[in-house]
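J.: Taking the working numbering, the leading residue of the sequence shown gets 267, the next gets one more, and so forth.
Worth flagging that the hints you see were computed from the coordinates, not collected in a lab. Be aware that a few hints might be false.
As the list claims (entries may be wrong) - Label-pair restraints from in silico Cβ distances: (1) 294 with 351: 36 to 44 angstroms; (2) 307 with 329: 47 to 55 angstroms; (3) 348 with 270: 18 to 26 angstroms; (4) 308 with 270: 13 to 21 angstroms; (5) 300 with 270: 23 to 31 angstroms.
Note that the Cβ used here is the ideal one computed from N, Cα and C, for glycine as well.
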Amino acid sequence: MRSLQVVMLTLCLLGGLYLITQAPSFFLPARWDPSIGHQFGPAASRLLGAALLTMAAVGGLYMRLMYYSLRRRLPGPREQLRYFVLLLIALGLLAAALLVAEPGANPDYRPPTQAR
Numbered sequence: 267m268r269s270l271q272v273v274m275l276t277l278c279l280l281g282g283l284y285l286i287t288q289a290p291s292f293f294l295p296a297r298w299d300p301s302i303g304h305q306f307g308p309a310a311s312r313l314l315g316a317a318l319l320t321m322a323a324v325g326g327l328y329m330r331l332m333y334y335s336l337r338r339r340l341p342g343p344r345e346q347l348r349y350f351v352l353l354l355i356a357l358g359l360l361a362a363a364l365l366v367a368e369p370g371a372n373p374d375y376r377p378p379t380q381a382r
């Protein structure tokens with residue numbers, strides 16, 4: 267289980283750093299209909315990268331407390347408040363990224379062809 271947590275932490279860290287430093291424009295299709303979605307510009311990409319880095323910070327704090335401390339113990343009220351605040355910040359950044367991204371039609375979508 268720890269290896270899966272390290273992989274997810276690494277993906278969040280690398281993905282967040284890439285989105286913040288490079289700020290690529292990309293299209294994120296909708297879940298159920300690939301013909302529509304959101305076009306992420308540089309500002310939305312940076313917000314999304316900041317959200318991923320915030321999630322990586324939460325994962326790092328959790329792993330440091332649970333696996334890399336001398337005594338493994340449940341998080342106290344201070345740590346729980348820190349997790350809660352960081353998760354609220356991450357959710358706010360994700361919501362801001364989706365609000366900044368422009369909804370629209372998929373520029374690469376082609377309707378499926380009919381079988382003859």
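J.: Indicate, hint by hint, whether the structure satisfies it.
T.: Hint by hint, here is what the structure shows:
1. Residue 294 and residue 351 have their C-beta atoms about 27 angstroms apart, which leaves the hinted 36 to 44 angstroms range violated.
2. Under the hint 47 to 55 angstroms, the C-beta atoms of residue 307 and residue 329, about 33 angstroms apart, miss the expected range.
3. Remark: the range hint 18 to 26 angstroms for residue 348 to residue 270 is upheld by a beta-carbon distance near 23 angstroms.
4. In this structure the supplied range 13 to 21 angstroms is violated for residue 308 paired with residue 270, their Cβ-Cβ distance being about 32 angstroms.
5. A C-beta distance of roughly 29 angstroms is found between residue 300 and residue 270, which places it inside the suggested range of 23 to 31 angstroms.
When held up to the earlier numbered hints, the structure conflicts with 1, 2, 4 and fits the remainder.
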